[in-house]
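Visitor: So for the sequence shown, the working numbering puts the first residue at 1; every next one is plus one.
Certain hints may be false.
Unchecked claim - Using C-beta positions, here's what the derived DEER-type ranges look like: (1) Gln263 with Thr736: 23 to 29 angstroms; (2) Leu630 with Glu258: 51 to 57 angstroms; (3) Leu62 with Leu635: 20 to 26 angstroms; (4) Ile639 with Thr775: 52 to 58 angstroms.
What the hints assert, rightly or not - Here are the computed lysine-lysine pairs in the PhoX-like style, where the Cα-Cα straight-line distance is at most 20 angstroms: (5) Lys474 with Lys343; (6) Lys474 with Lys244; (7) Lys79 with Lys638.
Since the hints were made in silico from the structure, they are not lab data.
If you're wondering where the values come from, they're calculated on a predicted model, not measured in any experiment.
Beta carbons are placed, not taken as given, at the ideal position from N, Cα and C, and that holds for glycine.
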Amino acid sequence: MADQVDILDFNKTHRNSNKLNQEPDILSSQNKKQLITLDDVDSLIQQIKMPQSRNFEFPSSLEKSIIHSQSFYIQPNKKFLNKNPKLISCDCCGQMIRRNRYNIFTCDMYSIFAGDYGISIPLYFSIIKLHFFILLIIGCIFGIYYCYLSELYCGMLNRQNYTENALYEQCCSSYLAAQHFLLYSFNQEEIINKNYDDQETFYILGYIAYLIMMLTPFMHEILLRLQQIKYWNYDSFNHLRIPKLTLYIKHIPKKFNELELQQQMQNAISSYYKEKIGEKIIDEIVYIYDIHPIKVLNEKRKDTYLQILQIVNQLQIETKLELKGQLIDLVFQLRKQTRDIFKILQYGLPFTSKVILKFNSEQVTNLIYEHFNKLLLNKLLIRIDTIKESAQNYKEFKKDQIELQAQLLEKSEAKSLDIPKILNQSDLSEEVAVNQSEMFKYQLQDDLKLVEEQQEQNLQNSIINEKKGLHLKKGFRQEEILWENIGMHTLKRFYLRLLTTMVTLILGIIIMAIYEGLYVWQKNLEDKTDWVSKLIIYLIIIFTVILQILSTILVIIMTKRAQRFTYSQQEKNIITFMSPIQQVCIFAFPFIFVLSSMKEHAALNHIYVLMELTKLVRFRIIAKGIFHILHQKLLRFKISKKKIIKKFQPTSQFQKKLNELLTPPLFPIRSRLFFILYLYSTGMVMLFFNPTMILWCLVIQIIIYYYDKFSVLSEYRCDKLFTFQLFRYLILVYQTIMIPIYCYIYIVTFTNINQDINSDGILNNQYSKVSLLWTYLGYGTFILSFISFIFFRKKIANFFVFVVFRVKRPLRDATIFKEKSFLQSYKEYFNDLGVMELNQIFDDITQNMASKSK
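Can you make the complete structure from the sequences, with help from the hints?
Guide: What follows is the structure, given as structure tokens:
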């Protein structure tokens, strides 16, 4: 057992370092020389040196940034490649420049991208390829015969007995309505009886298409399994990435120290051991803090430091009194920002009541997890208690914060009276003195707002209730952790997630209500021939499409606010709530509404309803495709990129900052996959309304493939298995919802036609020749496929992969995979922010100036 416990406690570490390294600060309010005068500017310029690290490389190069941005693309720009024929890699990050071109039908996406991108990118393109071939096969099986049958029926109709010749031309000649709806509209008994064999063939092919729809989820599962095995064979360590010694505690009553945590965990498992267990069962303790506030402050401090460097460069060229005054103001601004950061580090970052523990034994880890997570109901109760405790702690936390601000304000007002006045040197000096005096007046107002000691006192009497348990998570990986987001308060995360779900639900209901109202309004306007009515109809269609786009944008904004997640399980929660709302309320409602209207009312005699639905769906997929390509992130990036290039100066940004500004935005791979699934489902559903829409879906799929091939960034390699888990879960949720929708549309459009509406509006079944066999087959296929997919999808996928396709089972490598510790990863993330680096730069400046002033 380990004798030493590795502890990562930012508050304790930085508080001790600040107490040990209290150097004289020339900018301290307790120093006799409290303000910088113009005479000190020359000395200040000598002390400010250009940083040599990668974070603050200065001056910047536009050419380097362009190379850096192009290295992220799978397919870099052709003009860029032609301009740099010998360029191999980026000097900033070392990424290779990809010069090869890839074709969707001929290349093996996995072998090309698995090494750099992991499993997510080749899997994404493989799903696009699978959808393309499925739609193509169904289009050939069902669509071609549909066109033939529609042409046959339309050619045999007696047009003299059909009064609406214009509607006839639209519906029949263009093949824009399903065959059985044509029979309904024209009521041609002779045609039905004469061509019964063709009708049977039509229904057989329709059932085959329906069966392929029901088998699509299993195709996805087989593809996921194949890609997963390929990924394991590519690198055997990919099979052993789940850490078995780590537990993530989402909420603890108080911040226990090392001894208290050891004692609490030992008490939890002591009953399982007959002999006394060792004193040390924990190897690592990682306390999770909210680093977001200090990150924001440090970004502002970087901008201030950049402005100082720019003025220093200008003063080396020409000496201006105005520049010196600006430099003094910026130095005091930098001092205030640094002092705020020092105070936060000294008194403590906000502790989020979250801890990651690494134990020294897998047996101990399992016992502790089982002890605190026994029943499903108990887990639900623990979650509710966690939210309640978080809310109570958050209220007390805010109360302490307000009281502390009032105390600091009183101290700042008292100290502001003792600030010495600056001698009159010039008008500029007086102005600087006034600004500095105001700065000193409010310098303590923005000091420590979150005091960890007061929070600990409020929770001093808290202990872990063994009967109540803890909210634990085990089996998560490094790649699932997002350190920037893990520190978000539990109550805030719950509130934002709930708000996002409610906004999406309300939008879905509004869209359904507006669609139904506009449909009725448009139907009433169809009988009028004036140009105003036609204009209103077009405006209704445009408004419906715009509403879809606006709702999508709003959902994206709300989801972004709630996306401060900890690991993939949190992302799965959003998928669980968002997918049903989007698929049922937004995607499937127009189809269900139209079918219900046509089934229960006399709308069966108006085939133009199907035509309007076809137009609506066409507008929707085109609008969503355009929105996918011309994303708001991309448009904002294009605009800012032009501005940066147009106004670029070498001293305008640090190199790393310039690289970040010119790097294209990273679209969530989850939203890309959701759009591909949406496009595929649209083609499947429209198969029963207008099979020619499959061509639209195929064309848009090809366009999206080529667009994503030129826009996907190599940053996706950072979330290899994380993205794979989200892929699998998103497909599971999506297909679980779509299987009943497929069944409903098939049953209504293909088998439920035993009622007809004659010219008098009376229901009858005189022309019904459809056997109940198709109804039974539809329901039976649905029940069998749904149950098999929910409970046996993994076994079915393994059968096809290992038995049918004869893929060799992956061999587990006996080597123990040593993943980088969470403690080390958290340290590296914090160091990469550059907070301590800027602190050291500022300390060097102030200490050198203090020594010279003596």
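Visitor: For every hint, state whether the structure bears it out.
Guide: For each hint, the structure was consulted:
no. : hint                                   : result
1   : Gln263 with Thr736: 23 to 29 angstroms : violated, 45 angstroms
2   : Leu630 with Glu258: 51 to 57 angstroms : holds, 54 angstroms
3   : Leu62 with Leu635: 20 to 26 angstroms  : holds, 22 angstroms
4   : Ile639 with Thr775: 52 to 58 angstroms : holds, 56 angstroms
5   : Lys474 with Lys343                     : violated, 35 angstroms
6   : Lys474 with Lys244                     : holds, 8 angstroms
7   : Lys79 with Lys638                      : holds, 17 angstroms
Hint compliance for this structure: hints 1 and 5 are broken, all remaining hints hold.
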